[in-house]
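Taken in sequence, the protein lines are chains A and B.
Residue numbers for the first sequence follow the working numbering, beginning at 1 and rising by one.
Residue numbers for the second sequence follow the working numbering, beginning at 1 and rising by one.
Hints listed in this document are in silico derivations from the structure and should not be mistaken for laboratory results.
Please read these numbers as outputs of a predicted model, since none were measured by experiment.
Any given hint could turn out to be false.
[Stated by the list, open to error] Stretch by stretch, here's where chain B covers chain A in the computed footprint (C-beta under 8 Å, at least three residues):
id	stretch
1	8–18
2	23–30
3	75–87
[Unchecked claim] Straight-line distance between alpha carbons at most 25 Å, and here's what the computed BS3-like set of lysine-lysine pairs gives:
id	chain 1	residue 1	chain 2	residue 2
4	B	68	B	96
5	A	57	B	55
6	B	96	A	57
7	B	96	B	54
8	B	68	A	9
9	B	101	B	53
10	B	54	B	68
11	B	54	B	101
12	B	96	B	53
13	A	57	B	54
14	B	55	B	101
15	B	53	B	68
From the three backbone atoms N, C-alpha and C, an ideal C-beta is built for every residue, glycine too.
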Amino acid sequence: DSGVTQTPKHLITATGQRVTLRCSPRSGDLSVYWYQQSLDQGLQFLIQYYNGEERAKGNILERFSAQQFPDLHSELNLSSLELGDSALYFCASNPGTVFGGELFFGEGSRLTVL
Amino acid sequence: KNEVEQSPQNLTAQEGEFITINCSYSVGISALHWLQQHPGGGIVSLFMLSSGKKKHGRLIATINIQEKHSSLHITASHPRDSAVYICAVHLNRDDKIIFGKGTRLHILP
């Protein structure tokens, strides 16, 4: 158990809909990272938050947004969903006190868009 | 050309063999991660390296910053080592993380 909790584990929805994925980092970790893993693209870095502030941005679509709340949990919002958004979405956390510190991954949220 | 290249893409070996997976990158990095992903999807961090060598049990990871190359070695491989091994680099230019496409390892009993 990494200590990182992601909900929901599975989600099935339709094109055009909006969903929210939630991540609770390990106790004490200030950094949260979001990743997307699809069959054809492999793992892609989406965005990182550190202590409530956006720290780095990767290949995140404009239809997607994220935030980190004062209690350090994070949410990834995916809107106007398309078939191609079907993927595993992982969250990871680390203390953020050491640049590039070890990452602790959640079990992922599997999104299926029909 | 991808900024992070892993080789081989697929590897099948017999139990007990010494395994080497390679990762080359073409960008400036602050750290390199080796990750393991089992069927079913969960990802586990094996190592984080910024220089030198680390060992954990039967796993050894090395990095050569000058040559921009890292290797993951598994000694006395076991069927439970069967998984996808992913190299990821933390860029020093903009804090982003880039992943290799992974190496699918299958250890036969």
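**Request:** List in ascending order the numbers of the hints, as given earlier, that are violated by the structure.
**Result:** Going through the list in order, the structure violates hints 1, 2, 3, 5, 8, 13 and respects the others.
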